[in-house]
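Participant: Sequence:
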Amino acid sequence: MIVPNLVVADVARSVAFYRATLGFSLETSVAADQSYVQGDDCIENPVFAIVSWADGQLMLQTAASLAGDVPGVPEFATPHLTGAIYLRGFDPDAVAAKLNDDAIVKGPETSWYGMRELYLRDPDGYLLCLGVPEGDWTGTSATSGPD
1 MIVPNLVVAD VARSVAFYRA TLGFSLETSV AADQSYVQGD DCIENPVFAI
51 VSWADGQLML QTAASLAGDV PGVPEFATPH LTGAIYLRGF DPDAVAAKLN
101 DDAIVKGPET SWYGMRELYL RDPDGYLLCL GVPEGDWTGT SATSGPD
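Final position of the sequence shown in this note's numbering is 147; the numbers increase by one with none missing.
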């Protein structure tokens, strides 16, 4: 399993976004003093968290926390990503209905390769694409999202 660790400005804000918008579950949240809470309750002022859906996870971490863990990482890094994080199994139309137009980059629409897709930005500006196969698409069997 690939688990991206995204640098975010505010872990609690990002956790709230992924939970409310995409139905992710909170697995763990960690404070700066390394105290932590496992499960659905978010620790106060988290610097790290793991959110999950189906068989996938995202780690969310402040730049200062990551810099403390990994030598050479700038403490004040600005969140950025060149590319998109593609998440299969989320209903693009249902998610789009929850978002303001500012968050939507493109869609929902059906691509030429048979995927119903929605491109959106999370609170830190990361580009996410949600996709589900339409019709007889057979490109993959990885179509499950959160229940």
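Calculated directly from the structure, the hints in this document are not laboratory data.
A few of these clues could be false.
As the list claims (entries may be wrong) - Using C-beta positions, here's what the derived DEER-type ranges look like:
{"no.": "1", "residue 1": "Ala97", "residue 2": "Gly68", "range": "38 to 46 Å"}
{"no.": "2", "residue 1": "Gln38", "residue 2": "Glu134", "range": "19 to 27 Å"}
{"no.": "3", "residue 1": "Pro71", "residue 2": "Pro4", "range": "27 to 35 Å"}
{"no.": "4", "residue 1": "Asp93", "residue 2": "Val70", "range": "32 to 40 Å"}
These figures come from a predicted structure and were not determined experimentally.
C-beta: ideal position from N, C-alpha, C; glycine also.
Participant: Next, verify each hint and record whether it holds.
Facilitator: Hint by hint, here is what the structure shows:
1. Ala97 / Gly68: 38 to 46 Å: For Gly68 against Ala97, whose Cβ atoms are near 39 Å apart, the range 38 to 46 Å holds.
2. Gln38 / Glu134: 19 to 27 Å: 37 Å, violated
3. Pro71 / Pro4: 27 to 35 Å: 20 Å, violated
4. Asp93 / Val70: 32 to 40 Å: Between Asp93 and Val70, where Cβ atoms are some 39 Å apart, the hint holds.
When held up to the earlier numbered hints, the structure conflicts with 2, 3 and fits the remainder.
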